[in-house]
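Novice: With the hints as extra help, turn the sequences into a complete structure.
From first to last, the protein sequence lines stand for chains X and G. Under the numbering used here, the first residue of the first sequence carries the number -16, and numbering increases by one thereafter. Under the numbering used here, the first residue of the second sequence carries the number 3, and numbering increases by one thereafter.
None of these hints come from the bench; they were simulated from the model. Be aware that one or more of the hints could be misleading.
Within a straight-line C-alpha distance of at most 27 Å, the following computed BS3-like cross-link-like pairs (lysine-lysine) qualify [said to hold, decoys possible]:
| hint | chain 1 | residue 1 | chain 2 | residue 2 |
| --- | --- | --- | --- | --- |
| 1 | X | K29 | X | K42 |
| 2 | X | K386 | X | K352 |
| 3 | X | K389 | G | K90 |
| 4 | X | K161 | X | K100 |
| 5 | X | K(-10) | G | K139 |
| 6 | G | K90 | X | K(-10) |
| 7 | G | K90 | X | K386 |
| 8 | X | K50 | X | K260 |
| 9 | X | K264 | X | K42 |
| 10 | X | K42 | X | K77 |
| 11 | X | K(-10) | X | K0 |
| 12 | X | K61 | X | K77 |
Among chain G residues calculated to face chain X with C-beta under 8 Å, some are [claimed, not checked]:
| hint | residue |
| --- | --- |
| 13 | G38 |
| 14 | D62 |
| 15 | R63 |
| 16 | N82 |
| 17 | S85 |
| 18 | H86 |
| 19 | Q97 |
| 20 | N100 |
| 21 | I102 |
| 22 | P103 |
| 23 | R104 |
| 24 | L113 |
For each residue, glycine too, the CB sits at the ideal point set by N, CA and C.
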Amino acid sequence: MLIENIKLCLTGLMANKIRTFLTMLGIIIGIAAMIAIMTVSDAMNKSVMSSMGSMGADKIEVFLTQKSYDDSTSREMKNSDYFNDRMFEELSNKFEGRITGIALSKSIGSSRVENGKLYANVDIRGLNPMALAGENLTILSGRSITEKDEEASAKVALVSDKYVQKIFQDDNASALGKEIEVLVDNKYYTYTIVGVYQYVDSGMTAGFSQEDISTIVYIPFSVAQMQVENGDLYDEFSVKASNGTDPASLSMEIQDYINTTFYQDNDAYESYSYSMKEQLKQMNAMLNTQKNAFMAIGAIALLVGGIGVMNIMIVSITERTREIGTRKALGATNNDIRIQFIIEAMMICLLGGMIGIIVGLSFGILATKVMGFQGSASVGGIVVCVLFSMAFGLFFGYYPANKAAKMNPIEALRYE
Amino acid sequence: MAETIMRARNIRKSFNIGTENELEILHGIDLDIHKGEFVSIVGTSGSGKSTFMNILGLLDRPTSGDYELNGIDVSSAADNELSHIRNKEIGFVFQTYNLIPRTSALKNVELPMLYARVPERERRERAEMLLELVGMKERMHHTPDELSGGQKQRVAIARSLVNHPSMILADEPTGALDSNTGRIVMDLFHRLHEENGITIVLITHSNELAEETERVITLRDGNIIGETVGKFSKNHDLRKH
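Specialist: Here you go:
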């Protein structure tokens, strides 16, 4: 009986293609919007999470911050406000065994490197071995920066494969041994390329054109220290919690230690630290909130579509009053009639939902491609949408179907 | 005397009960119909003919009175039971055919069996057999739009027979047809009655058509005012005209 009803309903829907399609349109748009949003936001989440995750959940970042934003205590930073090597030494001793090292970096600045008509944007950063290890670089050609380079302050550099493509338009090996000259603050710096690493999209570059994305040039930390003013002062650093240490509580302890030991008497500045683990949690919560907001908009579109289905069902039932009367005369029970029309509404919603899923996935994947993420279908989302559209059919089909079921057969048969 | 298939006793029907406009349409009708009979109920409009037919066809309930169909007391049946009894015991033929639009003749004939939960293969076999009986097998895949009035009525007659009902209730079956096709439909009823022993109740306003049946029951103002023996009974020649 159920299969018969579905078959019967499909032939009916096929016989009235344009009306069926228009009825479905609301559902198609609603579901497509939901699926597209889910696909894009899942891709964004995944990308942001994996790039933040690759930095390591056991990483703790420590910054300098103003004690208050009150004008009375606010002032320019002095040299004595910065973190320095002495603090790092004491910190290392204090937390020995619980942290695996202190990662330091110095940024030289940003620059545009040109080679004839070719150009590439770069950021030049010096990283100490601990920080470099934290970058998890994949060396595609040549070698990485070594302890020896550090000690000797060798003017060597690692560039990204993207840089090689843009400047040399050749394979990675061709860049080895070549020089890279950058201009920062009216000073030229020259380094020799010793290695090429694989560029990984951080997921934070959405909206930038691929052409203009800036990639990092890594140089030894000791070189960077010499090339900037106050090379031994830092406004930030990071540490890695050793295995078995909870980064969140360690982060608190480090902040307390630094503030009580070194910033007790500082009138304006203190340290602030957070662990990547907490950061991930917050980020996750934020992305989910954003996704839910978008989903709510999609749900409204779907609701409008559902009301459209109900509207058409009511019209259809009025049109088919005679048919309903006939069916009742031939022995259909009220329930038979009700089920027939509920199935019809559900089929419209389900077919509309399926088309919507296909449309939404196409748009979603296209959009993620354009934004530079890896887009993939969210199976959970699809299942939810199919169930949702069936539930909609049931919900918006019930009232008209019930109206049909309760028709008086004599009046229905006489209906003109 | 053959077995009584339908027994109605003191059937009354009122409308707008309990209001100022209360109106009694049927004033206590007694009627027996026997197995294999071809009976006609005649009356002008306003005679209570349609109301009585709705009660006979279980589409409506009498205000009072007893109604027994094929041994089942239907006066006290619930809506759902009425649907099932209608489905099994009564075959409707309407003036306006009432075939389901955009659905093939075959599917139309299968419909009452669908509600009787008859398995698919049996449905198909029985529908084809009956379409053959009414001479519509060649056109069984056509939809009602593609059939003439007479052809539609023949499909409707096949549909009325599929669940082996106790009786066929034909409400002005030739009302929308020209005289030639009307003749074909009436001949079909005669053949089904004679050769297949089917019980037929013909509701009409035409005395001429009523005369063709075995028994003519005349309704006026909600009462049976006469019962005559029709010319038909043994007069086979009539069909040749």
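Novice: Hints first: check each against the structure and report whether it holds.
Specialist: Now the hints, each set against the structure:
1. X/K29 - X/K42: holds, 19 Å
2. X/K386 - X/K352: It is violated: about 48 Å lies between the C-alpha atoms, which goes past 27 Å.
3. X/K389 - G/K90: holds, 21 Å
4. X/K161 - X/K100: Since the Cα atoms of X/K161 and X/K100 sit roughly 18 Å apart, the hinted pair holds (cutoff 27 Å).
5. X/K(-10) - G/K139: holds, 22 Å
6. G/K90 - X/K(-10): holds, 24 Å
7. G/K90 - X/K386: The hint holds at about 25 Å.
8. X/K50 - X/K260: holds, 24 Å
9. X/K264 - X/K42: holds, 14 Å
10. X/K42 - X/K77: Answer holds: X/K42 to X/K77 is near 18 Å, not above 27 Å.
11. X/K(-10) - X/K0: Holds, because 15 Å separates the two Cα atoms, which is no more than 27 Å.
12. X/K61 - X/K77: holds, 26 Å
13. G38: For G/G38, the interface hint is violated, since the closest Cβ of chain X sits about 23 Å away, which is over 8 Å.
14. D62: holds, 6 Å
15. R63: violated, 11 Å
16. N82: This interface hint holds because 5 Å falls under the 8 Å limit.
17. S85: Because about 4 Å separates G/S85 from the closest Cβ in chain X, which is inside the 8 Å limit, the hint holds.
18. H86: With a closest approach of 7 Å, the G/H86 hint holds.
19. Q97: Violated: closest Cβ of chain X sits about 10 Å from G/Q97, beyond 8 Å.
20. N100: holds, 4 Å
21. I102: It holds, given that the least Cβ distance between G/I102 and chain X is near 6 Å, below 8 Å.
22. P103: holds, 7 Å
23. R104: Result: holds, 4 Å to nearest chain X Cβ.
24. L113: At 6 Å from the nearest chain X Cβ, G/L113 passes the 8 Å test, so the hint holds.
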